Amino acid sequence: MSTLKNKRLDDSEFSTEQKEVLATWPTGADVDFYEAIEFQKSIPEEKRFSSALAEANKGRKTLIQPRAGVALLNEHIDLLQALSVEADLLPTTIDAYTRQNQYAEAQNGIQRSLEAGRSLLNGFPAVNHGLKSCRILANAIEKPIQVRHGTPDARLLTEITLAAGFTSYEGGGISYNIPYAKKISLEATLRHWQYTDRLVGKYEENGVRINREPFGPLTGSLVPPFISHTVAIIEGLLALEQGVKCLTLGYGQLGNMIQDVAAVASLRELADEAFNSAGYSGYQLTTVLHQWMGGFPEDESKAFSVIALGSAVAALSKATKVIVKTPHEASGIPTKDANLMGLKATRQMVSLLQDQSMLEIKRVIEEKELIKKEVKHLLAKVFELGDGDIAIGTVRAFQAGVLDVPFAPSIHNAGKLMPVRDNEGAVRILEKAKVPMLAEVVEVHQARIKQRADTEKREPNYQMLIDDIYSVGKGRLVGRPR
Amino acid sequence: MQPVKIVLGVIGADCHAVGNQILEKIFSQNDIEVVNLGVMVSQDEFIDAAIETKADAICVSSLYGQGELDCEGLRGRCIERGLEDIILYVGGNLVIGKKAFSETEETFKKMGFDRVFSPDADINNVSQILKDDVAGRRK
Numbered sequence: 011m012s013t014l015k016n017k018r019l020d021d022s023e024f025s026t027e028q029k030e031v032l033a034t035w036p037t038g039a040d041v042d043f044y045e046a047i048e049f050q051k052s053i054p055e056e057k058r059f060s061s062a063l064a065e066a067n068k069g070r071k072t073l074i075q076p077r078a079g080v081a082l083l084n085e086h087i088d089l090l091q092a093l094s095v096e097a098d099l100l101p102t103t104i105d106a107y108t109r110q111n112q113y114a115e116a117q118n119g120i121q122r123s124l125e126a127g128r129s130l131l132n133g134f135p136a137v138n139h140g141l142k143s144c145r146i147l148a149n150a151i152e153k154p155i156q157v158r159h160g161t162p163d164a165r166l167l168t169e170i171t172l173a174a175g176f177t178s179y180e181g182g183g184i185s186y187n188i189p190y191a192k193k194i195s196l197e198a199t200l201r202h203w204q205y206t207d208r209l210v211g212k213y214e215e216n217g218v219r220i221n222r223e224p225f226g227p228l229t230g231s232l233v234p235p236f237i238s239h240t241v242a243i244i245e246g247l248l249a250l251e252q253g254v255k256c257l258t259l260g261y262g263q264l265g266n267m268i269q270d271v272a273a274v275a276s277l278r279e280l281a282d283e284a285f286n287s288a289g290y291s292g293y294q295l296t297t298v299l300h301q302w303m304g305g306f307p308e309d310e311s312k313a314f315s316v317i318a319l320g321s322a323v324a325a326l327s328k329a330t331k332v333i334v335k336t337p338h339e340a341s342g343i344p345t346k347d348a349n350l351m352g353l354k355a356t357r358q359m360v361s362l363l364q365d366q367s368m369l370e371i372k373r374v375i376e377e378k379e380l381i382k383k384e385v386k387h388l389l390a391k392v393f394e395l396g397d398g399d400i401a402i403g404t405v406r407a408f409q410a411g412v413l414d415v416p417f418a419p420s421i422h423n424a425g426k427l428m429p430v431r432d433n434e435g436a437v438r439i440l441e442k443a444k445v446p447m448l449a450e451v452v453e454v455h456q457a458r459i460k461q462r463a464d465t466e467k468r469e470p471n472y473q474m475l476i477d478d479i480y481s482v483g484k485g486r487l488v489g490r491p492r
Numbered sequence: 352m353q354p355v356k357i358v359l360g361v362i363g364a365d366c367h368a369v370g371n372q373i374l375e376k377i378f379s380q381n382d383i384e385v386v387n388l389g390v391m392v393s394q395d396e397f398i399d400a401a402i403e404t405k406a407d408a409i410c411v412s413s414l415y416g417q418g419e420l421d422c423e424g425l426r427g428r429c430i431e432r433g434l435e436d437i438i439l440y441v442g443g444n445l446v447i448g449k450k451a452f453s454e455t456e457e458t459f460k461k462m463g464f465d466r467v468f469s470p471d472a473d474i475n476n477v478s479q480i481l482k483d484d485v486a487g488r489r490k
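Residue numbers (the numbering used here), protein chains in the order written: chain A, 11 to 492; chain B, 352 to 490.
Keep in mind the hints are simulated off the structure, nothing from the lab. Computed from a prediction, not measured in an experiment: that's the story for all the values here. Using N, Cα and C, we set each Cβ at its ideal position, and we do this for glycine too. Treat the hints with care, as some may be off.
DSS-like mimics (lysine-lysine), calculated; alpha carbons at most 27 angstroms apart, straight line [what the hints assert, rightly or not]: (1) A:Lys444 with B:Lys376; (2) B:Lys450 with A:Lys346; (3) A:Lys193 with B:Lys376; (4) B:Lys356 with A:Lys442; (5) A:Lys212 with A:Lys15; (6) B:Lys450 with A:Lys192; (7) B:Lys449 with B:Lys460; (8) B:Lys449 with A:Lys346; (9) B:Lys450 with A:Lys484; (10) A:Lys354 with B:Lys450; (11) B:Lys461 with A:Lys312; (12) A:Lys354 with B:Lys449; (13) A:Lys15 with A:Lys71; (14) B:Lys405 with A:Lys192; (15) B:Lys405 with A:Lys484; (16) B:Lys356 with A:Lys192.
Example chain B residues on the side facing chain A (calculated, C-beta under 8 angstroms, incomplete) [claimed, not checked]: (17) Asp365; (18) Gly448; (19) Ala451.
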């Protein structure tokens, strides 16, 4: 805790660290920052993430983006080229060994995939493939590409992929720790992500804009909007301090349309407010909605309905982009064809609703005001715990259970906050534990939950929460008793 | 009969935590003693815990698709370390890509797992099957 502060990293400290980072795996040696700047500058405008987002934002359009990544380079290029027919923005999803910096295991996965003639890894091991291969990939794809992963220490991955020509980078020191790690401390990951953000800041200062996207949905399991929004805004503040100028803040669809539209709308307003009051300006802010991150129906037709609901929310809330699920979601990693089907279903819905919005609806505005009240209260508490420093405040807030994410694997998360759906499926707080909430707000949540409990004639408890975890997969939003 | 005791965890570099927490809850409700190692558990951690707690079974979850790589050799490693008779269960989204469950089941049975479960398995049923398997093994 002695060194972590929300302060721009010192140049000499950064270069010392950079040498260490690039030496952690042999492929790091190929990275040359100034050569990378020149290469990034040669990338045409239509392949830059920031430009695509700016244009969509201006036209109030919603762009669509899949998840995708396989073990081998040529297969990965084939996959992205196929998806680029339907998608506006492309990903490269990184495998789970690379996410834990287990490059030797990733190498074994590449070898085994070669032998098997199919991918045995759940993503593209970019560090092992190295700069040259990643650049072949970036050159082969005609649309903007983003790195999507879940890596607590992503410093080397950032160096290699940005030098290779990726123009957007997902993650953050909280959102890629609490849902993605078991034991690694927040001090460590916040510091690692200051490095990533500082590197993006250095690209920016050299005339290259890289988009940064904190991972919005966290555990993707009934995370109340005000919790994930607070985390997203904190990560935005941390990134801005390191010189990042292009931010996309995210939110994972929960299922109740009013709450979901209100969540996207409030995220944008809250972020602007928080960033401005912290003294930042001149940044580019957009939003992303993740289609339902929880359990999906096994039946593919039913899965399309879940995909369509998320697409509708994205369009009606004017999210700048939507991350797309597939009809194979219940079984895990999709095939190329299933991925394409998810994109087509999403495109159709987003296009149908392109000229409509739910932002003016009274109940949406009420819900939005509720979320804003919740976030402001929580964010103020985090600042207070850090004596004005949001990085220190974040560490202390997790220690105290003030920031608490449901169903997270990390031992540094209290896991005491208990959400549950209300009678209309909106996610409310059943047990706030140590999370600060205004008394008047708690009353709203309790009243909504009581409506459901009365309807179902049962006490709201952990069983109700379990029912809500599995409900979407079983064909309804509210986990009613059988 | 002595209560059935299991070691539970999510194998490899997998951090899917939700199902793990619910499994612990439901197994416990079925009077099964659960030693829950949580997410990101290595083969050796499973085996160490099974030896230390004298567990009847190791129940492995994998949700992220790399289960095929992570689970390979677990049976052999158990035998090496003196757990010849331990029951091995595995469940979740075990392979990359949508495949017929029977195919996946065969893959994992060949690896030495006694039973293989799909992600929609009813855990109350699994609990009963587990108790029967343990009773059979203890005879």
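### Numbers of unmet hints, in rising order
4, 6, 11, 13, 15, 19
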